[in-house]
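Just so you know, we're using my numbering here: the sequence shown kicks off at 1 and counts up by one.
None of these hints come from the bench; they were simulated from the model.
Misleading hints may appear alongside valid ones.
Result set (DSSO-like, lysine-lysine): computed pairs, CA atoms no more than 27 angstroms apart in a straight line [unchecked claim]:
1) K349 - K313
2) K147 - K506
3) K194 - K324
4) K324 - K193
5) K506 - K523
6) K710 - K642
7) K273 - K324
8) K352 - K14
9) K466 - K23
10) K273 - K466
11) K313 - K249
12) K634 - K710
13) K384 - K506
14) K10 - K23
15) K274 - K433
16) K466 - K449
17) K10 - K506
18) K704 - K642
19) K523 - K396
20) K273 - K23
21) K249 - K274
22) K324 - K249
23) K10 - K349
24) K680 - K147
25) K433 - K324
26) K680 - K523
27) K433 - K325
28) K325 - K249
29) K433 - K469
30) K433 - K449
31) K384 - K449
32) K194 - K325
33) K710 - K116
34) K376 - K433
35) K274 - K466
36) K376 - K193
37) K376 - K325
38) K704 - K714
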Amino acid sequence: MTGEAKIVHKDHRKDPFLMSGCKVADGYGTMLVTGVGINTEWGLLMASISEDTGEETPLQVRLNGVATFIGIVGLAVALVVLVVLLARYFTGHTREPNRFIKGKTNVSDAVDGAIKIVTVAVTIVVVAVPEGLPLAVTLTLAYSMRKMMADKALVRRLSACETMGSATTICSDKTGTLTLNQMTVVEAYSGGKKLDSSDYSRSLSPTAQSLLVEGIAQNSTGSVFTSEGGEVEISGSPTEKAILSWGVKLGMKFEVVRSEASILHVFPFNSEKKRGGLAVKLPNNEVHIHWKGAAEIVLASCSSFLDADGAVKPLDEDKVAYHKKAIGDMAEGSLRCVALAYRLFDINKVPKDEDQLEQWVIPEEDLVLLAIVGIKDPCRPGVKNAVQLCTNAGVKVRMVTGDNLQTAKAIALECGILDSDAAATEPNLIEGKVFRALSDSAREEIADKISVMGRSSPNDKLLLVKALKRRGHVVAVTGDGTNDAPALHEADIGLAMGIAGTEVAKESSDIIILDDNFSSVVKVVRWGRSVYANIQKFIQFQLTVNVAALIINVVAAVTTGEVPLNAVQLLWVNLIMDTLGALALATEPPTDHLMHRSPVGRREPLITNIMWRNLLVQALYQVIVLLVLNFMGKNISFLELKTDQAANTLIFNAFVLCQIFNEFNARKPDEMNVFGGITKNRLFMAIVGVTLVLQIVIIEFLGKFTDTIKLNWKQWLVSIAIGAISWPLAIAGKLLPVPETPLSEFFTRRVRRRRRAAPPS
Numbered sequence: 001m002t003g004e005a006k007i008v009h010k011d012h013r014k015d016p017f018l019m020s021g022c023k024v025a026d027g028y029g030t031m032l033v034t035g036v037g038i039n040t041e042w043g044l045l046m047a048s049i050s051e052d053t054g055e056e057t058p059l060q061v062r063l064n065g066v067a068t069f070i071g072i073v074g075l076a077v078a079l080v081v082l083v084v085l086l087a088r089y090f091t092g093h094t095r096e097p098n099r100f101i102k103g104k105t106n107v108s109d110a111v112d113g114a115i116k117i118v119t120v121a122v123t124i125v126v127v128a129v130p131e132g133l134p135l136a137v138t139l140t141l142a143y144s145m146r147k148m149m150a151d152k153a154l155v156r157r158l159s160a161c162e163t164m165g166s167a168t169t170i171c172s173d174k175t176g177t178l179t180l181n182q183m184t185v186v187e188a189y190s191g192g193k194k195l196d197s198s199d200y201s202r203s204l205s206p207t208a209q210s211l212l213v214e215g216i217a218q219n220s221t222g223s224v225f226t227s228e229g230g231e232v233e234i235s236g237s238p239t240e241k242a243i244l245s246w247g248v249k250l251g252m253k254f255e256v257v258r259s260e261a262s263i264l265h266v267f268p269f270n271s272e273k274k275r276g277g278l279a280v281k282l283p284n285n286e287v288h289i290h291w292k293g294a295a296e297i298v299l300a301s302c303s304s305f306l307d308a309d310g311a312v313k314p315l316d317e318d319k320v321a322y323h324k325k326a327i328g329d330m331a332e333g334s335l336r337c338v339a340l341a342y343r344l345f346d347i348n349k350v351p352k353d354e355d356q357l358e359q360w361v362i363p364e365e366d367l368v369l370l371a372i373v374g375i376k377d378p379c380r381p382g383v384k385n386a387v388q389l390c391t392n393a394g395v396k397v398r399m400v401t402g403d404n405l406q407t408a409k410a411i412a413l414e415c416g417i418l419d420s421d422a423a424a425t426e427p428n429l430i431e432g433k434v435f436r437a438l439s440d441s442a443r444e445e446i447a448d449k450i451s452v453m454g455r456s457s458p459n460d461k462l463l464l465v466k467a468l469k470r471r472g473h474v475v476a477v478t479g480d481g482t483n484d485a486p487a488l489h490e491a492d493i494g495l496a497m498g499i500a501g502t503e504v505a506k507e508s509s510d511i512i513i514l515d516d517n518f519s520s521v522v523k524v525v526r527w528g529r530s531v532y533a534n535i536q537k538f539i540q541f542q543l544t545v546n547v548a549a550l551i552i553n554v555v556a557a558v559t560t561g562e563v564p565l566n567a568v569q570l571l572w573v574n575l576i577m578d579t580l581g582a583l584a585l586a587t588e589p590p591t592d593h594l595m596h597r598s599p600v601g602r603r604e605p606l607i608t609n610i611m612w613r614n615l616l617v618q619a620l621y622q623v624i625v626l627l628v629l630n631f632m633g634k635n636i637s638f639l640e641l642k643t644d645q646a647a648n649t650l651i652f653n654a655f656v657l658c659q660i661f662n663e664f665n666a667r668k669p670d671e672m673n674v675f676g677g678i679t680k681n682r683l684f685m686a687i688v689g690v691t692l693v694l695q696i697v698i699i700e701f702l703g704k705f706t707d708t709i710k711l712n713w714k715q716w717l718v719s720i721a722i723g724a725i726s727w728p729l730a731i732a733g734k735l736l737p738v739p740e741t742p743l744s745e746f747f748t749r750r751v752r753r754r755r756r757a758a759p760p761s
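Turn these sequences into a full structure, and let the hints guide you.
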């Protein structure tokens with residue numbers, strides 16, 4: 001409740017109250033709910049907090065810079081046009097019949113003329129200011145969020161959509177993300193030998209079987225329910241379910257075994273220690289302590305084992321080596337190894353006082369090894385392809401798991417994270433404790449090379465994320481446990497698992513993967529890149545219109561005192577460009593082409609050199625053609641332009657059609673085929689169709705409103721031809737090479753050089 005990460009111990013006698021909104025970090029139990037909703041501390045707190053934080057996404061910060069720059073340029077151009085037009089009007093240098101004549105034009109007409117000029121200047125500002133940018137961002141984020149839900153990803157933080165497109169590395173869990181999390185015991189060692197998998201109970205001595213059944217039933221957070229029809233239902237974590245189902249095969253009657261003994265004290269499974277244990281008191285007043293956990297860790301605490309006859313024998317070097325080899329062999333076969341051990345304890349040494357019993361540390365040395373089991377967790381289908389897709393896209397996948405190195409290596413080879421056995425050497429393959437022991441600078445140096453980290457604690461994961469971020473990586477992390485929360489929070493994008501994930505993990509994450517599947521993580525990367533690409537497409541389209549419209553109006557205003565595109569026409573162009581253009585280009589679905597690019601770096605400019613090339617080629621073409629029509633249109637006989645109004649109508653029509661055709665070019669800024677996948681985007685086709693129909697209606701029926709006249713079929717064909725030329729021109733433009741260094745960097749270098757060269761004052 002205070003926001004501190006410190007874990008508070010709860011006691012059923014002294015401090016039993018749990019506050020809504022706090023998370024259980026360790027242990028298990030039963031609780032009684034006494035208040036919900038607004039009647040809880042958490043509810044009161046949430047009621048006082050406004051939902052909207054108003055935080056800006058990194059992309060919006062970049063866009064604000066672009067929008068401000070365009071706005072300032074537009075304002076400057078509008079001021080120039082205003083000054084020039086006013087000067088020309090009041091000095092009588094205009095072609096209009098009602099031009100200003102000193103001493104003859106009355107005040108009312110002069111004011112009307114001045115207002116008309118101010119309207120043109122204001123319209124230029126309206127066209128120049130990219131008010132469609134926030135709309136395009138909101139549209140593309142909202143659209144991708146809705147579509148990502150269908151791809152099994154729930155976005156909790158909007159900025160995560162676009163940040164995921166910049167991800168350079170993904171640190172993934174193994175269990176449940178890369179694997180199916182459907183575990184079964186496939187191998188077992190007990191009594192110093194490998195058991196027959198066809199009938200485990202026949203291979204065991206009665207003593208070993210009895211102790212194993214007791215340990216499995218008592219030392220478990222799962223449960224076994226047998227229905228009246230005799231069907232067995234097992235609940236619990238996947239590992240617990242696997243061991244409990246193995247216990248059922250050994251003849252375990254879960255409820256009977258649980259009722260025969262009373263639990264004295266429990267040490268819940270801990271991800272740091274990688275084991276869990278408990279002390280139970282039997283009816284004959286014997287105390288048994290049972291431990292279960294990572295095989296090599298539990299084995300290290302054992303001093304003896306049960307032989308084939310059920311007798312306790314010392315665990316000599318040969319037997320330790322035998323069991324270690326068994327663990328290694330199972331791990332190499334991508335099996336998770338779990339050991340079960342027990343020991344007797346003197347009942348007189350058990351604390352009698354309840355407070356002391358609460359603090360009692362269960363002995364974990366001198367254990368008797370009962371069995372080592374190998375649990376198979378098969379790889380998810382399609383994971384190998386998903387990892388390959390990430391590699392092709394320049395995103396490195398790293399596996400961070402609590403399993404031992406051999407198991408981790410086997411799964412990594414199966415998933416394609418490691419290419420071959422030759423690649424499975426340090427530092428590619430590293431153990432958590434080795435990484436933890438390194439200095440900060442050494443960790444940073446080695447972080448880039450790590451592909452698999454085995455036997456890692458949650459803190460090792462956090463250290464890896466920090467080291468990678470310091471190296472300049474944009475890091476995505478998948479996690480499901482409470483202990484993953486720090487790494488999920490620290491990462492640029494935290495991906496929590498929707499099925500296996502705890503509430504704490506989900507709270508700390510930015511995106512929740514609803515089906516716990518790594519393939520869904522790759523889809524999130526695809527959508528993230530699509531968001532960024534769609535914004536870039538819209539900016540390229542908008543800047544082309546801005547540059548062309550501004551240059552045409554400025555040149556015409558300065559030379560003739562009139563603008564070919566009037567206020568109403570420019571507002572219609574603005575509607576096509578900002579609202580309809582944003583709607584059409586922001587909803588482009590992601591393509592496979594996006595996954596063949598390198599990730600967008602943290603400092604890469606929003607407007608790339610490819611975009612500058614494309615927009616300058618198109619804007620230059622539009623400016624040249626439309627200015628030729630403006631100054632020489634009436635002299636071209638087949639155009640049949642008898643009046644200035646007819647010439648301006650043709651210019652307006654050709655300009656709008658250029659934008660409609662160029663909208664197709666904006667779909668694929670770096671591909672030759674701009675029509676690829678166009679049938680999949682029905683909204684794009686609908687918007688282009690609606691824009692075209694509205695343009696025909698404006699020219700043919702709304703002439704009085706827009707100050708245009710009807711065009712004949714020849715003039716329509718000329719307009720369409722001028723617009724259509726932008727397609728082959730775009731293909732030709734894409735053949736022009738562009739430098740890899742961003743233009744902004746090129747200019748900053750020039751400025752730096754000049755400063756260096758300048759003599760000191």
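Practice task
With a cut-off of 27 angstroms on the C-alpha distance, tell me whether K433 and K469 pass.
Solution key: 20 angstroms, holds
Problem - Straight-line alpha-carbon gap K384 to K449, limit 27 angstroms - result: 20 angstroms, holds
Handout entry: Given pair status - K325, K376, alpha carbons within 27 angstroms
Key = Distance ~18 angstroms between K376 and K325 Cα, so the pair holds.
Handout entry: Given pair status - K193, K376, alpha carbons within 27 angstroms
Key = Holds - the C-alpha atoms of K193 and K376 are around 19 angstroms apart, at most 27 angstroms.
Problem - Hint consistency between K680 and K147 [alpha-carbon to alpha-carbon, up to 27 angstroms] - result: Roughly 14 angstroms between the alpha carbons, so the hint for K680 and K147 holds.
Handout entry: Restraint check for K704 with K714, where alpha carbons must lie at most 27 angstroms apart
Key = Holds. K704 to K714 sits at ~22 angstroms (cutoff 27 angstroms).
Practice task
Decide if the proposed pair is consistent with the structure: K433 and K325, CA atoms, cutoff 27 angstroms inclusive.
Solution key: At roughly 21 angstroms apart (the allowed maximum being 27 angstroms), K325 and K433 satisfy the hint.
Exercise for the section: Would you mind confirming whether the straight-line C-alpha gap from K433 to K449 stays at or under 27 angstroms? Expected result: 17 angstroms, holds
Exercise for the section: Verify the proposed pairing of K466 with K449, using a straight-line Cα cut of 27 angstroms. Expected result: 15 angstroms, holds
Handout entry: Given hint K523 paired with K506 - CA-CA distance at most 27 angstroms
Key = 19 angstroms, holds
Exercise for the section: For the pair we were handed, K273 and K324, check the Cα-Cα distance against 27 angstroms. Expected result: 19 angstroms, holds
Practice task
For the pair we were handed, K710 and K116, check the Cα-Cα distance against 27 angstroms.
Solution key: Judged against 27 angstroms, a Cα distance of about 24 angstroms means the pair holds.
In the structure shown, no violation is registered for any of the earlier numbered hints.
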